[in-house]
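Protein chains in written order, with the numbering used here: chain A, 1 to 682; chain B, 1 to 682.
Hints were generated in silico from the structure; no laboratory data involved. Check before you lean on any hint, since a few could be wrong.
Chain copies aren't distinguished; within one or between two, either way the pair holds.
Claimed, not checked - Below, in silico cross-link-like pairs of lysine-lysine (DSSO-like), each with a Cα-Cα straight-line distance of 30 Å or less:
hint: 1; residue 1: K186; residue 2: K228
hint: 2; residue 1: K432; residue 2: K660
hint: 3; residue 1: K219; residue 2: K660
hint: 4; residue 1: K654; residue 2: K219
hint: 5; residue 1: K416; residue 2: K363
hint: 6; residue 1: K186; residue 2: K219
Remember, it's a predicted structure, so these values are computed and weren't measured experimentally.
Protein chains: 2
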Amino acid sequence: MPLRPLRCLAASAVLLCVPAALFAQGGAANDLLMPKPASVHFAADGLRVGPDLTIALVQTRSPRLQAATLRFLKRMEDKTGTPLPRSIGNATTGTIVLDVASDGEAVQGPDEDESYTLDVTSATVHLKAATTLGALHGMETLFQLTQPSANGYMIQAASVQDSPRFRWRGLMLDCARHFEPLDVLKRNIDAMAAVKLNVFHWHLIDDQGFRIQSHVFPKLTELGSDGKFYTQDQARELVQYARERGIRVLPEFEMPGHSAAWLVAYPELNSGTEPNGIRQEFGISDTALDPTREETYTFIGRFLAEMTAIFPDPYLHIGGDETPAPDWKTNPRIVAFMRAHNLTNNDALQAYFNTRVLAIVTKLNRKMVGWDEILHPDLPKDIVIQSWRGGESLAKGAQMGFQGVLSQPYYLDAMKPASVPYLADPVPADTKLTPQQQQLILGGEVCMWAEQVNERTIDSRVWPRTAAIAERFWSPQNVRDVVDMYHRLDATSLELETFGLKHLSSEDAGLRSLAGTQQISALRIFAQAFEPVPFYNRYLEQHTSQLTPLTNFVDAVVPDPPVKHRLALASAILTQKGDASSAASAAAELTSYFRSVGASVPQVQALFPFAPRLRPMAQRAQQLTTLSQIGVQAVQYLSSRQAAPSGWKANSLKQLETAKQPSAIVRFVFQDTLTELVQAVR
Amino acid sequence: MPLRPLRCLAASAVLLCVPAALFAQGGAANDLLMPKPASVHFAADGLRVGPDLTIALVQTRSPRLQAATLRFLKRMEDKTGTPLPRSIGNATTGTIVLDVASDGEAVQGPDEDESYTLDVTSATVHLKAATTLGALHGMETLFQLTQPSANGYMIQAASVQDSPRFRWRGLMLDCARHFEPLDVLKRNIDAMAAVKLNVFHWHLIDDQGFRIQSHVFPKLTELGSDGKFYTQDQARELVQYARERGIRVLPEFEMPGHSAAWLVAYPELNSGTEPNGIRQEFGISDTALDPTREETYTFIGRFLAEMTAIFPDPYLHIGGDETPAPDWKTNPRIVAFMRAHNLTNNDALQAYFNTRVLAIVTKLNRKMVGWDEILHPDLPKDIVIQSWRGGESLAKGAQMGFQGVLSQPYYLDAMKPASVPYLADPVPADTKLTPQQQQLILGGEVCMWAEQVNERTIDSRVWPRTAAIAERFWSPQNVRDVVDMYHRLDATSLELETFGLKHLSSEDAGLRSLAGTQQISALRIFAQAFEPVPFYNRYLEQHTSQLTPLTNFVDAVVPDPPVKHRLALASAILTQKGDASSAASAAAELTSYFRSVGASVPQVQALFPFAPRLRPMAQRAQQLTTLSQIGVQAVQYLSSRQAAPSGWKANSLKQLETAKQPSAIVRFVFQDTLTELVQAVR
């Protein structure tokens, strides 16, 4: 790990450190690009953003491109505080010239040309692309190149040739377990566009709710939801919103499992096990559509025909995962059907189901996507397998000739630091796949399952980590510097906030609500010591269901907060013995951090009598007192190269071990870092 | 002003003080009700909110009431962190029984019964109301009565008889100057309901944009807007959303002035002066609809007929303000018309216009509302005058027999502290109006004009100040304790944040964007010294237009932040010589504040090189250094009862005078307080 010095604004209170200006390989002070382009060369100087800036479209002037250009101008205006003319010229003499050959396909697919080139000098910007899609990506790069300087805002001079490594770069949001209002989806789509993702995978149906209106089968939402669903107009509005931003909307209609919501509404589709209403518990349910009745396919056919009128995407996702379907082994009619059709087990029956559904999907002029479980040798090779089982399963599919999209380890509810999914490559450098097989790996998708998030917390689970993964999908394979990634991620995270995302503000809002006061200075510092536990640990500890209030302390704090990486970095500098000055600076930062979080504890404890929802943190507060002292001591021993007193190390490690036990559904952000520090002490 | 002691959690950093538990007249520790009910008696103890809580509807079980009950349960769950059963019983044995006689009128009007009674014991809650409207208000009171205690969350035992003082309690949002997306309006409507407002006045049209879709005259939005407008479906959705929450939607279709957007689309309506496109400048325009042509009324008739199919409210607002209409004096055809009809001046012509429009409105079965200017003796007495000119104009109307709604001094862009509009009464105690005339004063409306706000900043301009004004409209005349109001306003403000309002989070978001970093501890403290200047001062200083980026420092900081009142309170305690202990505590708080804001300056100055949009604050930063030192000194002299050195006072007042000069469109929150402190020094 390359170690860079940290610069502290002040040693008071809590971490005020900002990284020293980093000079990337290209040599520019302002290399905050994320995702990194395929090729970029920075030059000195740049173009000053002033009120005389003009923008022109030559060749294509499609409404979509014009609207995007006006949005770009407005964002530039807001970013730079400079009023800009809101008109679009058509001469090559504009300051910024967008030279776009065509608006591209009427319906965006994964094979559309997304490339662009960008030349920024101190006088002009030339953005060239074959399609509007490429131009949209280029404008985002241009926006990121715009940075503050001593002379106001400048667009960094650079020459960029860019195109994505993978053509399928998705984010899936589960809107079934908790419903997300349209504006939440819109701001997430804005953010996706900003980091050049191109597929919004909309998980619309699950046991907990049917979220898309059907006029043909109105009971699907009337009985299959709690009243929260997207109307067809809203779905169309979102599809249009996404298209304007260069993003496909891939709808998922989960079947035959995870189907309680279907079956509550239309019990005639049932294999046997009756859902006890819309399912409020999470986990895998036993309900399944009945694959043996013709009526099932008639129903699916009519439903999907209605849906394809709303969703123009060339692909359609049928779910297909986690279908234990015990009824298929016990329902005499189904057992008889399987015997008659020589289907030897549930997998075979599901493959039969998938083949039937595939015929429907194909007739509707769509290509089929499904989770790992749909992979079956009998299915044709133009389906796409989305792998939640991980790279090995994905590679196996490719070896069988199936196209695939990787989604593991991109599950955000695993609460892993951004660096983990960032380094996970859909086609790793050491892949055993042939070049031809590698071509079958279309890309990847980040997945946000929504059992434990709602509209107040989802943004902070999705962002900024998704921006790092977006870079994995877009940038060259060898872009893998984690420290540099985190540096750019901080900057990206700030820019994303301007779309109205709450990933940076929801923590304070949650803390205010927990504390019952706006005076949260101490609680804010205290919270810097914690992050949420992974989905499964929370599930074990809390047995979350749709009824669980998501207003706990764990819901306020965010996964992989910037401080976590900073501490790890400082620890690495200190323990790997960088130069003396860097080590001293790292020691100071660590000490300041441990002192301040430790000092916050009594003030937070003083809130407990008035804050019942904070009280479960009592044990964690006590542990923080102990661990923060250990932190201060460890840093002191390491800086002074003193040995610790006898027993200190063993006792400290014991305390750290104890802190690993579940409590209040949160964990210490410094658990690993402090363990490393303690272990490094003599 | 009754002075209460402050309790400090810690003296570090910036204000961490919270008010000591306040015991209101009724004697309850938890009297955080806002607006205060007409009558409330608190009892000891209360009802513990636990998972065994049940809720039942007896009598009416309208879908609207059921939906509201489920929302109430969800909010209770979130507030208390307690999973509650999501079912609604129908037996009087429920823990919470809602006894509601009827769902009320199909279309809510100002005369609908809004009263309710509430009895909370340690075992049950009984809420009784004649209509769903009353029940909605009662549920909000119940929600506010739910407060943390040593035993978890309790609903404070109380007996409440409540009904509003005024039947028209509105909030106007201008969605023309800056467009506000639907979700912004929805969260504002949620907040309105929480503080028992009942009229959302939707300012849909102005020179800067036509924001409501017309199918009959599609060019109104196609040419008369920048593409941002509400579809009819969206408008219906909002009307329904508001109705579910007991709020009327009063649409305003501004005419005949402020009409550039009409005329850009349909020039045939024009009196003469051609708009130069949709107007981007603010202020009063010369454009006006032509009141002399029959076609104008045909057009208006067809348009309003279309609109009344969307907006069921019994009232319809025609604007009518600020119509200088110079063309009416110069256009020969109009001059001839006026002469022929014996109309001696523009006022007379506008009264003619209003009479014609009134006939249309009446035929559409609506009552007409307009701004002061429509008041004319020739008009019938069932119109409603909305007064932006203030109480005197309102009273004059009432004396002439007109109904009225007061909107001045409830203009939020005047950036007055909440206490000012709070104390302004539509019918003051010393009114000269007869009881009959007083009946004509229907109530009041808070107005948020949107020249200088957008979706990122509007919430912080509207809330929490509007909650204080809502109390003025609802509560008895003698509820006027400003200190108590601010105490409850802080609590209310916190609750409102749970609707997704950004009034508490937008400041940090703005500061992060300005600073270009997430490390804003110092900047956050610095910002506690500033608030925005009033609308007109900003207009003078910046000449704001629709193109002005609203990403300045002034856009981040909020009007009348809690610290402003706290400082004033501490200053009053110190200078009015409360008891020694209170005075010492106040002195400590003031000193801590001035020290911390002063200490933040160098850290903020260190950001300037990287933050061009912060740099205009350079002068204010210097002034803050000086003034914060003066603050520390003043407090020291006052606490120690020492005289200041010769010249200190004169020089300090001079510095304060200098600080009043315009700079960076902000002013010091402590301008008045510090002046008082300095003047109190010997």
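Handout entry: Indices of hints not satisfied (ascending)
Key = Violated hints (numbers, rising): 2, 3, 4 and 5; every other hint is consistent with the structure.
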